[in-house]
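If you want the building blocks of each chain, they are given just below.
There are 4 protein chains.
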Amino acid sequence: MDNNSSHKNWKNQLHDIIYEADTPIGKLFDVTLLILIVLSIIFVMLESVKGLSAETYTFLYYAEWIITIFFTFEYVARIISIKKPASYIFSFYGIIDFLSTIPLYLSFFITGTSALLAVRALRLLRVFRILKISRYIGESNRLAKAIKDSRAKILVFLFAVLVLCIIMGTVMYIIEGEESGFKSIPISVYWCIVTLTTVGYGDIAPVTPLGQFLAAIIMIMGYGIIAVPTGIVSAEYTHHQARKVHLNTQSCSHCSENEHNDNAKFCHKCGKDLHHDHE
Amino acid sequence: MDNNSSHKNWKNQLHDIIYEADTPIGKLFDVTLLILIVLSIIFVMLESVKGLSAETYTFLYYAEWIITIFFTFEYVARIISIKKPASYIFSFYGIIDFLSTIPLYLSFFITGTSALLAVRALRLLRVFRILKISRYIGESNRLAKAIKDSRAKILVFLFAVLVLCIIMGTVMYIIEGEESGFKSIPISVYWCIVTLTTVGYGDIAPVTPLGQFLAAIIMIMGYGIIAVPTGIVSAEYTHHQARKVHLNTQSCSHCSENEHNDNAKFCHKCGKDLHHDHE
Amino acid sequence: MDNNSSHKNWKNQLHDIIYEADTPIGKLFDVTLLILIVLSIIFVMLESVKGLSAETYTFLYYAEWIITIFFTFEYVARIISIKKPASYIFSFYGIIDFLSTIPLYLSFFITGTSALLAVRALRLLRVFRILKISRYIGESNRLAKAIKDSRAKILVFLFAVLVLCIIMGTVMYIIEGEESGFKSIPISVYWCIVTLTTVGYGDIAPVTPLGQFLAAIIMIMGYGIIAVPTGIVSAEYTHHQARKVHLNTQSCSHCSENEHNDNAKFCHKCGKDLHHDHE
Amino acid sequence: MDNNSSHKNWKNQLHDIIYEADTPIGKLFDVTLLILIVLSIIFVMLESVKGLSAETYTFLYYAEWIITIFFTFEYVARIISIKKPASYIFSFYGIIDFLSTIPLYLSFFITGTSALLAVRALRLLRVFRILKISRYIGESNRLAKAIKDSRAKILVFLFAVLVLCIIMGTVMYIIEGEESGFKSIPISVYWCIVTLTTVGYGDIAPVTPLGQFLAAIIMIMGYGIIAVPTGIVSAEYTHHQARKVHLNTQSCSHCSENEHNDNAKFCHKCGKDLHHDHE
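Residue numbers (my numbering), protein chains in the order written: chain F, 1 to 279; chain H, 1001 to 1279; chain G, 2001 to 2279; chain C, 3001 to 3279.
With a straight-line cut-off of 25 Å between C-alpha atoms, the simulated PhoX-like cross-links for lysine-lysine are: (1) C:Lys3050 with F:Lys183; (2) H:Lys1084 with H:Lys1027; (3) G:Lys2183 with H:Lys1050.
Partial list, derived from the structure: chain G residues whose beta carbon lies under 8 Å from chain F: (4) Thr2198; (5) Gly2200; (6) Gly2202; (7) Thr2230; (8) Ser2234.
Hints were generated in silico from the structure; no laboratory data involved.
Just so it is clear, CB atoms sit at the ideal spot from N, CA and C, and this is done for glycine as well.
Given the sequences, and given the hints that come with them, work out the whole structure.
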C-alpha cells in the first residue's frame, strides 16, 4: 500500500489537512472540527435537560449520529495518515478521540436502562475533547508555564490550608455538634473549606455564639491568607517581566549579544567595550 | 440655513455648550445633564418597586415627562449643532441617546399590558446613558487601557476556567444526580461556576460524601487559581509603573542622559548642571 | 485660677498624663482607657443579646455606670488640661468623646420604651471611640497612606463596577421577573452587587436557564475584574518599595545626599564625583 | 546502662532511625509514620460518621489500637534514644506526641457517656500531629518566612477590618432589627464579617431596602479593600525576588563588581574575564 509515490502523496496531503493548520484546507478542517466539538458538548448538555419537546430529542439523536460519524471518519483518517499509528492511538489525545467516538456504538451492544445510563456517563467523557482547543491558542502555553513555575509554592500553601481546615473542622465539630448540621468531622472539614475559600454556601452554618465567633476568626484568617497565593503568582509574573525589561536594552556591536544590564559598559560575553564603536 | 455668520455663530455657541466643558455654561450643561441622567435612573428603579403611594407614582410620571422633554431638546440640539449629523446619529452614543428618549413617546402608540411591558423594558435601556459619565472622568481611560493590555491573557485564563467548569460540572452531575438539585449538565456547570468563582449561593449544594469531597477539591483549586488573573494584572501594572519611574521628564542638555531622579540637580553621568542651560 | 505656677504645673502634669504616652503614668492611663473602651464595646454588644440571666444584666448596668463615670472624669480632665478647650470640644474626637459619655445621663430625662430605644441607639455611637486606638499603632498611618495613594484609581474602578451592576441588574429584572425574587430593579441591582463581589447570599438566585446563564457570565466577569483593584494596590506597593530599594545605595561624601540611582557616577545634588574621594 | 559502647551504639542507631532521614531505614521509618498519621486522621474522621456498618466500627476499633501501640513504641523510643529526654518531653512536638497516644488508654479509666465524649474530644487533638509533616517539606519554611515578614502589616489591616465590622454591624442592628435575623450586635458583627470577607452564607441577610443598600456599600468596600493584604504580600514577595535576582553568585576578581548576569563571562564594569583567574 505504501509502494507508489502518488499514494504516499495522498497520505501526506491527508496528514497535512488533519495535523497541520498552515494550508487553507487544513485551517478549514480545524475550524470545522472545533465547531463540531463545541456543538457536541452543547448537545450532550442539552440531552440531560428535562422537559424538552420530542422534536428536540429527535434532533439531538440525529445530530449525535452525524457528529459520531464525522468523529469516526476523523479517527480513522488520523490513524491512516500518520506513520506510526500506535504512537497516536495510545497517546493522550488518541485515547480521548477514541472515547469521544465509541459511546453511540456501544449503545447497540449494551441494552437496559442502567447499562444505557453508564453509556451516557461514558459519552460525557467527550467533553474532554474540548481540551484539544488549547492547541489552537498559542498564549495558553505561556500561561500554563507561568502557573507551572509557581505550582510548587502554591501546592505547599494549599496543603497548609488543608491542614488548617482539618484542625478547624474538628474543633467546630466539637463546638457545634450534630444538631447544627456539623454531623461528622468530614462534614465539618467540608464546611471549613467552604468557609475559608469564601465560597459560603450556607447549607451548613454555625448557630452557637462560640461557633460563630470561631467561624468569624476562620473567615478573617481566610481573608488574610487569600493574599499569599496571589502574592506568589504576582511576584513570579513581575519577576519574569522585570527580567525581560531589564535585559533587553543594549546590543553588543561585536558579538551582537543583546542581554546586558542597564549599567553595563563592557559586553559580558566577549569583553568588548559596549558604548564606543571599535574603529 | 448656513448662509449668515451670526447664525453660524449661534450654532457654534450651542456646539460649545453641548460638546465642550471648558466654558462655565458648558460645564453647567454637563453637570445638569449628569444629574438628570442619575435622577432618571433612580426614577426608573423606583418605578419597578411595588407598594409605593399613588402620589409617588404620580410624581414619577411627571418627573419622567420632564426628563424626557429635556432629553428630546438635548437630542435635537445635538443634531442641529453638529456639522455632520449622520455621524452623531449612528454613533454609539447617538443610538443610546435616541433609545433613552423614545420609550415614553412609544407608550402612546403601543397599548395593552404586554406591549406596555415591552416599552418599559425598552425604557430601561436608558441606564446605558450613564456610560456617558465615563467621558467626565479622565483617569478611567488609563484604567481601561491597563485592562485592555492584559485582556488577552485574562480571556485565555477565563476560557480555561470555563473548560474546567464544564468537565467538573459533568462529573458532579453523574455523582450527585437529580435529587440533589443537579438536575441537568447545564445546571451542574452553572453550580461549578458559582463555586469556582467563590460566589456560593447555596441554592444547589452537594449532599453525597463523594460530591462534597469533589466540591472541596474544586474550591481549593478555585482558591489557588484566583491568584492567576490577579498576578497577570499586578505584573502588567507594576511593569507600566516601573517604566514610568525610569523614564523621567528631565534630560541632561550636555550628555542627553534622560534617566534622573525627581530631585536631581546635576546629571549623574557627566556631572553637569541640569536646570540652568550652559552658556 | 491660672495665677500661680504650681497650679499651672498641676495642669501641665494632667495634660502630660492624658495627651502624652511618654511617661509611665501617661502610658498606664492610655492602657487603662484602651481596656475600658474595649470593655464598654463588649458590654454594649452583650446588652443587645437576649436570654441572659438577671445577674448579668445587673452586672452590665453597674459596669455601664462605672465606665460612664470614668469617661465623664476623662472628658472633664481633657477640657481642663488643654489650653484651648474649644478646639478640643469641637474636634472630631471631642464630639465622639462627648457622644460616648452622654447616653446614660440622657436616659434619666427621656423615659418611655421607644425613647429609651433611641437612647440605646445613641449609646451605640460609643463604638466609634475604638477609632482612637489607631493613635496607638504607628504602622496604620503608613498603611492608610498606601490606600490613599491608590484611592482615586480604586474609586474609578468601583464606580465602573456600580454602573455594570445597574445595567446587569436591570437586565436580570427583565429576564427573571418578580416570581424568582427579583422583585424590583433596586433588588436586582443589590443581587448583582452580591454576585459580582462574590459574596453570594443565595436569598435571591436566578431560576430560569437564561437568568442562570447571564449570572454565570456576571460571575466569570467578577472573577476576572477582581484582579484589577488588587493589581493597582500591588503595583502601588511594589512601586513604593522599589523606590526605597533603588535609591538607598550610595551616599555622597561631599553633601551626604544618599538617594542616588544605582548607576550614578556624580551626585545629582552637588555635582561632585561619587566614586573617587576628593583629595 | 550507658557504660558499654555497643549499647551506646544501639541507642545512636535508634536515634538515627527516628530523628534523621538520611539512611534508608530512617527514611522508611519517616514514611511509615507519615502514613500512620494520615491514616489515624482519616480513622478519627470516619469514626464520627453516623450510619456505618458494624464491621467498619470493629475495623476502626482495631486500627485505632494498632496505631496507638505503634505511637506508644515510637514515643518510648524517642525518650530512650535522646540524650536529654526532658527537653523532648516538654517540647511542642513532645506534648503533641503524648496527647496523640494517651486518649485510648484514658478510655479505660474514665467511663460513662459524657466522660467518653471528653476522651473523644481529647483524641481529636491527634490531628495536630499532622503538623509534623511540615518538617518533611523544606519549602514550607520559606513560605512561612514570607508570611511572617508581612505579618505586622496584615495584622494592622485585619484589625482595621474588625473595627469596621463592629461599627457596621452595630449600624445594621439598628437598621434591620431582630425580625430580619440581626438578633443582637454580636450576631450583626458576625454577619458583617461574613459579608466583608465575601463568604456570604445567607443564613442572615438584610431584608429592608436601607439595610440592603448599606449591605451593598459594605460589599463594594470589601471588594475594594480585599486588594490591600494581597498588595502587601505581592510587594513583599516581589521585593524578595528582585533582591535575589540582583545579588548574583559570581564576583569579578579584578574590580570586585558582584552584580552580573547569570550568563556573563566578562565583567561589565572593567571588561576582565570572570571565569579564569588572572595570573
